[in-house]
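Residue numbers (numbering that gives the first Met the number 0), protein chains in the order written: chain L, 0 to 56; chain R, 0 to 959; chain Z, 0 to 441.
It is worth saying that the hints were derived from the structure and are not from the lab. Any given hint could be a false lead.
Unchecked claim - Simulated restraints on C-beta separations: (1) Glu611/R with Lys28/L: 55 to 65 angstroms; (2) Trp331/Z with Arg609/R: 27 to 37 angstroms; (3) Ser26/L with Arg846/R: 23 to 33 angstroms; (4) Glu395/Z with Glu933/R: 29 to 39 angstroms; (5) Phe361/Z with Ser26/L: 50 to 60 angstroms; (6) Leu195/Z with Asp25/L: 32 to 42 angstroms; (7) Ser26/L with Arg94/Z: 55 to 65 angstroms; (8) Glu611/R with Glu395/Z: 28 to 38 angstroms; (9) Trp331/Z with Arg88/R: 54 to 64 angstroms.
To be verified - A short list of chain R residues far from chain Z (calculated; beta carbon distances all over 10 angstroms): (10) Gly89; (11) Arg110; (12) Lys132; (13) Ala133; (14) Pro281; (15) His480; (16) Pro483; (17) Pro714.
Heads up, the beta-carbon is just placed ideally off N, CA and C, and yes, glycines get one too.
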Amino acid sequence: MPATVSRRGFLKALVLAWAGAAAGLDSLKESLRSVLIPAGTTLHVRPPAHSVGRKAR
Amino acid sequence: MIEDADIRLSRRRFLGLMGATAAFAAGCSRPDRGAIVPFNKRPEGVTPGLADFYASTFQEGLTAYGVLVRIREGRPLHLQGNDEHPGFRGKTSPRAIADVLRLYDPDRLRRPIVDGRPSDWARAEARILPALKAARKPVLLLSGALLSPTRRALVEDLRKALPGGLVHAAWEPACGESEAQASRACFGDERRSRLRLDRAEVVVSLETDLLAGERTEEIAGFASKRAPAGPEGPMNRLYAFEGAMSLTGANSDHRTPWKPSRAAALAFALARALHRKGVPLPSGVDAAALAPFDLDALAREQGASASLLHGLVDDLKRAGRAALVAAGPALPPQAHAACHLLNAMLGAEGRTVDAAFAPPGEALAGLQDLRGLLRSAAAGKFAAAVFWQANFGYASADPELWKSAAAGLPLKVRIGLHADETAQACEAALPEHHWLEAWGDFEPASDLLCLQQPAVGPLYDTRQGEEILLGFARALSKDAHALPADYREYLQRRWRREVYPAGSLVPFESFWQASLHDGVLRRRAAPRPPRRLDGRAVNAAAAAALAVPPPPGFELLLSPGAGVYDGRYANNGWLQELPDPVTKLTWGNAAALSPSDAQRLRLQDGDVVRLEAGGRSAEIPVVVQPGQAPGVLSAALGYGRRSGSVASGVGVDLYPLLGAASVSLTPTGAREALPFAQRHHSLEGRDAARSLSLSEYAESRRKGRPERPLARLYPPQRFPARKWAMAVDLSACVGCGACVVACQSENNVPVVGPERVLKGREMHWMRIDRYYAGPPERPRVLLQPMLCQHCDDAPCESVCPVNATNHDSEGLNQMAYNRCVGTRYCSNNCPYKVRRFNFFEYAAQTREPAGLAFNPEVTVRPRGVMEKCTFCVQRIQEAKAAARAAGRPLREGDVEPACAAACPAGAIVFGDLRDPSSRVSKLALSDRGYRVLEELGIRPSVTYLADLTNPAGPEERRGA
Amino acid sequence: MAPEATLSPASLDERVLSAAERKPPAAWWLALAAAASCMSLGFALMAYTLYMGIGAWGNNRPVVWAFDIINFVFWIGIGHAGTLISAILLLFRARWRNAISRTAEAMTLFAVVCAGLFPLIHLGRPWINFWLFPYPNQRGLWPNFRSPLIWDVFAVSTYFSVSLLFWYLGLVPDIASMRERARPGLRKLVLTVLSLGWRGEASHWRHYEKAYLLLAGLATGLVLSVHSVVSFDFAVSLVPGWHMTIFPPYFVAGAIFSGFAMVVLVLSVVRRTMRLEDIITPHHLEMMNKVILATSCLMAYSYLVEGFTAWYSMNPYLHHIFKQYLWGTYGWTGWTAIFCNCLIPQLFWSSRLRRSAPVMLFVAVAVLIGMWFERFVIIVISLHQDFLPSSWHLYEPTLVDYGILLGSFGLFFTLVLLFARLLPVIATTEMKAHLPREDAHA
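Pulled out of the complex, with its shape left as it was, chain L reads as follows:
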């Protein structure tokens, strides 16, 4: 194990770690979201062709 760690090396490690964590957390969030919330439906809902509605109240 090296006796000392240079400031530059330390900062380099820190930045890499931060970037990795940010990206990792983000994809973790996405994968959790896909587990927790279902994908949307592709069903199209169309209004009726000849019906007569009432004014919105």
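Since the structure of chain L is provided, determine the placement of chains R and Z on it from the hints.
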């Protein structure tokens, strides 16, 4: 990026790299899956953010409910009653409200299935039409009740087109045959009368369920005479004689357990007693035929109070034309005939029993008729069969007969919404529109036509059932152009020919549009001549009633389930989870047993027993029912379905036992945990739900209530502009549950399923508590809707660690879902236990497209968050915005929460307490009014008006 | 047992500090394996709960708090013994505390760690637990300072930080001793860092004494306040059975009671297995058993007061729920609590039994069982039948609940075992200060 160790890393460079990393990480998120996409070209008539309404009609059996459909972004979301409908006047039944979920049922058939494989319409037609064209024998058409003159015309057109002819039978499993049989015998026609509870002062119910949720008009009529202005009345009086506990019995002033086999005898005995008191018998009725029915002997036999029965006779005599005697569908025709006799004697026939505008009778097939047709089918008498609407494969309840009928039919076609038990036997399953996508008209009365129009374009590749039949007729008829391809066209043509008034100054288009807009058309119709009672039929009925031997074993009362009806709604999670109004059981049925029988047989809630009759049997758990008549079992039909992802395997199919006079009961020793929504039934001497008789009410008014102001430590809350409050009238409330379903529909309340109901995790924001008081054989039943009380000094607010629940300046207790961390302290501190916690991610368990039924104005709550009634704050905000846009202040009646809008009895009143002219501020000051757990000093905003009962005479006769 | 006179600083060092230097015996490894596997099971089930939701537990409506809060209160209670022994007995100058204070303080810390897990995992959305802490944010939102749960946050975090500092401060001279004895290597490096450069100079000692006394003063208040604040979770609500003014002293007495029982349990085992019977003497244990006896009588008094209050109050809800404590569906838990908490410790009236190792082990275990069930009685029974009978519902724990409870014990004992082998279990510095000096001045 960083290449080498000997780059000099300046601070600026470092920050720049950090920023780039952040952008990199954020930008590299997976792209949005396109869940929300704004309109590129907005469809005409759709204003995002504003709701549209369409009037339509929901048919269930022989009832046509006028409804108003609320649409957001093209999706029907919420159903409520059509205010233009003269009978329903803006209210409808719980099952109607829940039916919007069936539109989005994931199990709906999306395209035709031919010979077991998904197919298309062309191939389906190629499979079916040649067989129909070549048919030499008649085609069998089995449907539900038509209730529509246009449908009847269509069936006629189909009959003319088919070369071999058509045999059509309409069957409703839930409508018994006794009523129709008795009508035919006594009056010579099958007119169905309206029960005008709004005109009745004394009502006698024999095993009816007059106040069930589906009887919207009757509930409204009953409630209108239920809340007197003061202790002197006037108030109606309801006597119930029933073997099973029903909502009618629960709300009655005098409920007597009475075996259904002796109901006819009771009615005849009442007639005899009336006659002896001087009321003349109608012509043809033989007094000697009534002689064997003695009121005192019957009272002794059933363990009832003779003085009560004699008092009833006096009441009936006094009420005269304002009396009403009704018998339920489960009773034999003799009982109905006896009620016709009583109503005729009292002069009620034509007044409280109103058949003046009855629609043209539709002869419904009985169970025996149906079985006869199936036997003919098995013998090969038909070329093909078309099954439309009713689920014959499930409800005909004779699997052997069904199989042999299917074998004897060369071609079977199922027109329906699901691949259900009937479709499983058919060569072709043709998916039909949900009624929200369909056109139609219904004639519930001769002076009323109800229109059905689509509220949404078809979701799938389906066709309206009528249109499928029209297609057959068109393909088979020689003149291809006589019939239109479109059922809407067919309907319009018939209206133009037969409905549009001749010589009208209004063009047909405007007439049509106006009718569609209103959803109903009131017509001038001549009242039909009053019905004349045939005395000989009554004499025969009396003789039949006498000859009934006491059946061995238990008498069995089967009635359609409160939620699932005859089984057609078993796949609707809202209705499965809606607690039965009396037993509070969800997700299944159970056989109700009287406490004395349960004790004798050593049975408890959940013990499974075997019921056997005529070679058929069923195993079902029991529930001990206070007030049930000894020797009587009752249970709900519509369970034990064998298809449908939600419906399969829930409950026990009791159709095999339908029609059995008596069953034998054998305990099996097995036990099942029953998912009750409420487990404890006694009020334990507490006064949460209060009920007084009129005399007690008068007494308390005279004495005055001690006003003990509660001490306060803090200054009172200030509500400068408005204070929202609610009043619930327990006297009007019958416990039907429309408020529960309306709230679920409006507020995206999740369905949790039976295992979680067992654990006590049901999510209903509004619940109806049901308490029994008094002895278990003759209990008094108290029903109380319970919801968030929006307390001024809410105990839940001070204990939330993250301030997720607060009070707003208008008196609402707010819930901020996105702030809630889920410590659940608020639930502990709520004495009413109205807060519901999302123990799981319920929204993720919604099977698409059922998610389309979510109301976009209300958040769908994630896991770990607490939720509760908000007084429909989204409706309050909508009304405020509309008022602001119109430049006027908010008026009384602008805001109606879903529960208040749905209640057929008008028991729930909502409004601004600060407005002295509002209904709620007057009701809050009523001397019948009280607040639940007022002594805790938390100042709830909901005032309950104590239930009033109107028993005859002194207290000893109460509950006798 | 040899009297303290035979102890010398050197022998103390040798016997206590060397335990951390030797390889642990096989029995230790076995115990660690057992504790660590329970702990892993607990963590796995907590992860499962995080994944599934609180529905994995038995909680329902109305019993929305069950094993999660029972365990929280249980473990916080256990922590109180250490602080009382370390801080209050220090201020009272009770000499008998020296041999046991280090282990007791360590146990406090570990108990608070175990306890602190539960408020975190019982949240419906634990990933935003930091909203419970007051920090400035751009939305201007602060937690609700009126809520007892926020008071808990302050109380428990204060308790944890003060206990940690107090324990660590006391450890510094001992770590320094260990550092001196250590061979060069990683261990010596870690000990060097942890000992903060302690060299035993007079100025060091002066700072040490001042800081130690200060922290003792702070910690003293915490003994009474922390569990009072925890009791406010219940007493401030309006639930019948919770809303009683006796709760703060009742809970504090119960905390001291269960804490001492756990200390007696752990020390009984430590002194046997590490052969420290003459340093942690039967006298020490007897003093602790006397405290157990005293607090047991306080518990009995509290139960009687609760019963009296229920009757005297004429409050039908309170009356009903008290009957449920003893004669309801869960009445057996009430009787277990009374039996284990009030009756069994009465054995300690006999001085012979007070000094008997098997008896005190039995009593300690009984007290722990009884105190856990007492929390069950308070939380679950009060919740399951409250104001409106329509909401009454039974509660049934799931295997996940049991597993997490087992896991919390696993975590606690894993930490205790690691502590016993890595750090000195006796405050050798303090003991040395009280040994008779070699020049025979007492």
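Hints versus structure:
1. Glu611/R with Lys28/L: 55 to 65 angstroms: holds, 59 angstroms
2. Trp331/Z with Arg609/R: 27 to 37 angstroms: The hinted range 27 to 37 angstroms holds for Trp331/Z and Arg609/R, with Cβ atoms some 35 angstroms apart.
3. Ser26/L with Arg846/R: 23 to 33 angstroms: Once the Cβ atoms are compared, 27 angstroms apart, the range 23 to 33 angstroms for Arg846/R and Ser26/L holds.
4. Glu395/Z with Glu933/R: 29 to 39 angstroms: Given range 29 to 39 angstroms: holds, Cβ gap about 34 angstroms.
5. Phe361/Z with Ser26/L: 50 to 60 angstroms: Taking Cβ atoms as reference, Phe361/Z and Ser26/L lie about 54 angstroms apart, which means the hint holds.
6. Leu195/Z with Asp25/L: 32 to 42 angstroms: holds, 40 angstroms
7. Ser26/L with Arg94/Z: 55 to 65 angstroms: holds, 60 angstroms
8. Glu611/R with Glu395/Z: 28 to 38 angstroms: For Glu611/R and Glu395/Z the Cβ distance comes to about 35 angstroms; the hint holds.
9. Trp331/Z with Arg88/R: 54 to 64 angstroms: holds, 57 angstroms
10. Gly89: holds, 29 angstroms
11. Arg110: At about 37 angstroms from chain Z, Arg110/R clears the 10 angstroms cut-off, so the statement holds.
12. Lys132: holds, 58 angstroms
13. Ala133: holds, 59 angstroms
14. Pro281: holds, 48 angstroms
15. His480: holds, 62 angstroms
16. Pro483: holds, 55 angstroms
17. Pro714: About 16 angstroms separates Pro714/R from the closest Cβ of chain Z, which puts it past 10 angstroms; holds.
When held up to the earlier numbered hints, the structure conflicts with none and fits them all.
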